[in-house]
Amino acid sequence: MLFPTVDFAIFFVVVLTANWFLMPHQKAWRIVMLAASFFFYGSWDYRFTALLAGSILINQAFAVTIHRSAGRRRHRLVSGAVAANLGILGFFKYYGFMVTSVANTLEAIGLQASLPLLQVVLPVGISFFTFQALSYVIDVYRGRVEPVPLLDFGVYLSFFPQLVAGPIVRAGEFLPQLKEPRDPRRLDTSRAFYLIVVGLAKKVVIADFLATQIVDLVFTTPGQFSSLEVLIGIYGYAVQIYCDFSAYSDIAIGAALLLGFSFPDNFNAPYTARSIGDFWRRWHMTLSRWLRDYLYIPLGGSRGSRVATYRNLMLTMLLGGLWHGAAWSFVLWGGLHGGWLAYERWRDERRQARGLPEPPDTIGRRILNRLVVFHLVCLGWVLFRAGSLTVAWDVLTRLITGWGPAPAVTPAIVVAIVVGIGSQYVSRGVVVSVQSAFSRLAPALQGVILAFALAAIDGLGQEGVAAFIYFQF
Amino acid sequence: MNDPTRRQPRRRSPAGHALLAVIIALGLGSLLNARALERTAGNLPYGTTRSVAVAVTGPLRAISSFLLLDRPRQALDTLLGRSTSDTQPPVAASPDPDPDESVSTSTTTTTEPVEDFRLRTPTAADPLNVWIIGDSLMELLGPSIVNESDGSGVVDAEVDFRFVSGLTRRDFFDWPAYAKEQLPLVQPDVVIAMFGGNDGQDANVDGVIVERWTPEWIEFYRSRVADAMDTFISEGSQLYWIALPIMANDLFSEHVQLMNDVYREEASKRSAVSVIESWDLFADESGNYSAYLTNEDGNLELMRYGDGVHFTWAGARRLAAAIFGQIHDDWSAG
Numbered sequence: 001m002l003f004p005t006v007d008f009a010i011f012f013v014v015v016l017t018a019n020w021f022l023m024p025h026q027k028a029w030r031i032v033m034l035a036a037s038f039f040f041y042g043s044w045d046y047r048f049t050a051l052l053a054g055s056i057l058i059n060q061a062f063a064v065t066i067h068r069s070a071g072r073r074r075h076r077l078v079s080g081a082v083a084a085n086l087g088i089l090g091f092f093k094y095y096g097f098m099v100t101s102v103a104n105t106l107e108a109i110g111l112q113a114s115l116p117l118l119q120v121v122l123p124v125g126i127s128f129f130t131f132q133a134l135s136y137v138i139d140v141y142r143g144r145v146e147p148v149p150l151l152d153f154g155v156y157l158s159f160f161p162q163l164v165a166g167p168i169v170r171a172g173e174f175l176p177q178l179k180e181p182r183d184p185r186r187l188d189t190s191r192a193f194y195l196i197v198v199g200l201a202k203k204v205v206i207a208d209f210l211a212t213q214i215v216d217l218v219f220t221t222p223g224q225f226s227s228l229e230v231l232i233g234i235y236g237y238a239v240q241i242y243c244d245f246s247a248y249s250d251i252a253i254g255a256a257l258l259l260g261f262s263f264p265d266n267f268n269a270p271y272t273a274r275s276i277g278d279f280w281r282r283w284h285m286t287l288s289r290w291l292r293d294y295l296y297i298p299l300g301g302s303r304g305s306r307v308a309t310y311r312n313l314m315l316t317m318l319l320g321g322l323w324h325g326a327a328w329s330f331v332l333w334g335g336l337h338g339g340w341l342a343y344e345r346w347r348d349e350r351r352q353a354r355g356l357p358e359p360p361d362t363i364g365r366r367i368l369n370r371l372v373v374f375h376l377v378c379l380g381w382v383l384f385r386a387g388s389l390t391v392a393w394d395v396l397t398r399l400i401t402g403w404g405p406a407p408a409v410t411p412a413i414v415v416a417i418v419v420g421i422g423s424q425y426v427s428r429g430v431v432v433s434v435q436s437a438f439s440r441l442a443p444a445l446q447g448v449i450l451a452f453a454l455a456a457i458d459g460l461g462q463e464g465v466a467a468f469i470y471f472q473f
Numbered sequence: 474m475n476d477p478t479r480r481q482p483r484r485r486s487p488a489g490h491a492l493l494a495v496i497i498a499l500g501l502g503s504l505l506n507a508r509a510l511e512r513t514a515g516n517l518p519y520g521t522t523r524s525v526a527v528a529v530t531g532p533l534r535a536i537s538s539f540l541l542l543d544r545p546r547q548a549l550d551t552l553l554g555r556s557t558s559d560t561q562p563p564v565a566a567s568p569d570p571d572p573d574e575s576v577s578t579s580t581t582t583t584t585e586p587v588e589d590f591r592l593r594t595p596t597a598a599d600p601l602n603v604w605i606i607g608d609s610l611m612e613l614l615g616p617s618i619v620n621e622s623d624g625s626g627v628v629d630a631e632v633d634f635r636f637v638s639g640l641t642r643r644d645f646f647d648w649p650a651y652a653k654e655q656l657p658l659v660q661p662d663v664v665i666a667m668f669g670g671n672d673g674q675d676a677n678v679d680g681v682i683v684e685r686w687t688p689e690w691i692e693f694y695r696s697r698v699a700d701a702m703d704t705f706i707s708e709g710s711q712l713y714w715i716a717l718p719i720m721a722n723d724l725f726s727e728h729v730q731l732m733n734d735v736y737r738e739e740a741s742k743r744s745a746v747s748v749i750e751s752w753d754l755f756a757d758e759s760g761n762y763s764a765y766l767t768n769e770d771g772n773l774e775l776m777r778y779g780d781g782v783h784f785t786w787a788g789a790r791r792l793a794a795a796i797f798g799q800i801h802d803d804w805s806a807g
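Protein sequence lines, in the order shown, are assigned to chains A and B. Residues in the first sequence are numbered consecutively from 1, following my numbering. Residues in the second sequence are numbered consecutively from 474, following my numbering.
Be a bit skeptical, because a hint or two may be false.
To be verified - To list a few chain B residues with every Cβ distance to chain A over 10 Å, as calculated:
hint	residue
1	531
2	671
3	727
4	749
As the list claims (entries may be wrong) - Derived list of chain B stretches under chain A, where covered just means 3 residues or more per stretch with a C-beta under 8 Å from a C-beta of chain A:
hint	stretch
5	485 to 491
6	756 to 765
Just so you know, the hints here were simulated from the structure itself, not pulled from any lab data. Predicted, not measured: the structure shown is a model, and the values here were computed from it. Yeah, the Cβ is synthetic: ideal placement off N, Cα and C, and Gly gets one too.
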């Protein structure tokens with residue numbers, strides 16, 4: 001059940017109504033919300049609901065047991081929980097890669113092995129809810145979160161707005177909001193509606209358009225396109241993935257706001273970043289924070305030697321790359337970001353060690369830094385989108401060698417790219433002013449404006465809706 | 474101090490206001506978009522869901538039209554150069570053939586072999602023009618054929634596939650009508666077609682729903698395949714029709730064999746049509762479906778996605794090599 005569909009609209013109206021009518025009856029609210037979330041998840045494949053239910057039961061059991069334990073047993077239990085979660089995630093995400101790698105390695109050394117060649121279907125959203133479950137268990141272990149009743153944990157892990165593609169909402173952010181009934185008198189509806197409408201527009205009008213008009217063509221048959229077309233295809237993918245992924249986050253945050261929940265932001269104008277470190281503070285922010293708090297810091301963070309810090313940065317980004325899937329192109333994508341993060345750290349430390357001041361913050365330097373970072377990110381996106389090193393190489397080779405005209409680059413494509421990037425430079429003050437003005441309108445007028453906005457988005461969009469990119473992760 | 478949220482706070486609203494705004498937005502939005510909603514409903518597979526959706530969206534469109542609420546969307550469609558007709562299929566839908574007439578079409582009105590059809594040897598100056606069409610199975614297969622032929626330097630290939638399309642539901646996408654428009658423009662020497670992934674659904678024949686896989690449905694489907702083949706070769710192109718591969722689901726595989734039989738039988742009546750088999754390419758040594766198969770380098774690779782139907786890149790490359798091999802043999806193209 002995709003967000004930009006009639007199915008979801010009907011589902012959401014029913015859930016929104018039930019949400020507020022049942023708010024005074026918290027037990028009933030929890031049961032209905034759990035059932036709604038399972039219905040939402042089961043709409044992809046009902047078999048996946050068993051996995052989600054299993055994850056809820058296993059992680060709750062670990063959390064409760066860890067809370068009651070002490071000493072080394074506690075440590076063993078949390079290790080077991082991490083191993084169980086990553087084991088399940090690894091099986092679904094990496095089984096195919098592992099079994100073919102093992103079989104081909106054995107074949108290469110002359111050994112025949114009869115391996116179980118299972119066709120494993122990747123359950124949608126497993127990477128996201130596994131990380132959320134880990135945040136709960138680890139935070140219970142760290143004493144930052146108390147175990148909650150099973151029903152509460154079930155509602156948290158399965159909560160449908162962010163279940164499939166984030167943002168990754170931590171237990172410590174969600175569970176306290178569950179303790180008391182949400183206040184039905186003070187909803188931030190104008191922000192919610194703004195996020196939902198802008199999210200739908202980004203996905204339906206820009207992301208899907210760029211995908212079909214240039215990006216998919218360039219990345220599947222690069223040999224058919226000139227250098228300029230390949231370059232525009234790469235820029236197009238940078239805008240597509242931002243508009244696609246941030247759209248899901250926006251709609252999820254907006255839907256949650258209407259249900260009375262506040263989620264953390266997941267994107268903050270990432271293509272305005274002036275360094276790769278800055279980029280990761282603006283892109284998929286909830287994953288960045290998760291990796292920092294549950295991987296980078298436990299690895300030692302920046303507490304050890306300089307080399308250890310670089311190693312930790314690189315390991316974190318490599319594993320962040322692998323989180324997206326079992327392919328060398330994802331590893332290299334993580335390595336590119338990790339390597340550049342380490343370089344930026346080394347550069348800053350060297351400057352400080354020499355007692356040199358920070359470079360002057362001129363307009364020219366700002367533009368240059370943004371251009372460098374954007375193009376580095378685009379280089380990473382080539383690896384990310386290509387899916388294999390061979391295709392990435394073909395795209396990059398064509399980028400350099402395919403001189404010629406660019407008939408595939410239409411004005412509409414250029415406009416979509418410019419709007420996708422330019423929208424990130426719109427000041428936050430303008431956005432807040434729009435939301436503020438909207439919030440002062442009568443509800444009926446708000447509804448009318450939203451109706452025209454929805455109709456315009458549907459009219460400007462492509463026929464049919466493609467799945468969100470991050471569903472595959 | 475400079476936080477804009479402090480300067481212009483958003484007014485908070487009660488849940489009832491939010492609910493009211495949402496209901497008005499979706500209700501009025503449905504009226505403004507009634508034609509698109511009716512079209513979406515009509516494209517659903519025949520069954521209860523479609524009947525309910527059509528029953529709801531039909532009156533909705535009538536109300537929208539009466540209140541002139543469909544005008545803004547029409548204006549937008551006109552501005553974007555899109556069709557504003559009621560059904561608005563991607564191309565004008567040709568009428569569903571009469572089932573009886575259709576049967577006779579496939580058995581007696583077979584297209585005559587093209588008399589002056591000759592396979593020429595393509596060159597870089599006069600490349601082999603290839604038009605690759607089909608449903609979602611062509612998503613990766615089409616580009617793989619293009620990439621496979623890229624190295625030859627004598628093939629100019631173009632992919633033109635449509636998700637969810639097929640031969641059963643012309644009301645969704647009418648391939649013969651679309652081909653009639655495109656063939657004079659593309660002027661292909663070769664058409665490579667692969668359909669069937671979405672064709673296993675009930676059909677509407679003169680208002681009567683024909684249940685899929687029944688003998689009546691097979692005859693209906695035969696007429697659709699015959700019509701498609703006749704259209705695709707009508708401008709003198711050689712047609713390579715890709716038969717469907719073995720599927721993960723045994724029942725679906727049985728049905729695929731029924732469709733493959735239709736393709737083979739209809740192709741055998743037309744000298745300009747060749748069927749390229751794919752079944753065995755995706756079966757293991759025992760003849761069973763296997764998602765993992767050994768590639769030409771001797772490495773095990775995942776060939777099919779988890780749905781047990783669509784090809785991975787490796788699977789697409791495997792079939793593309795077989796298709797291009799056939800074209801190479803026939804045309805010395807590479």
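Now for the hints, and whether the structure bears them out:
no.	hint	result
1	531	15 Å, holds
2	671	13 Å, holds
3	727	19 Å, holds
4	749	20 Å, holds
5	485 to 491	holds (count 7)
6	756 to 765	holds (count 3)
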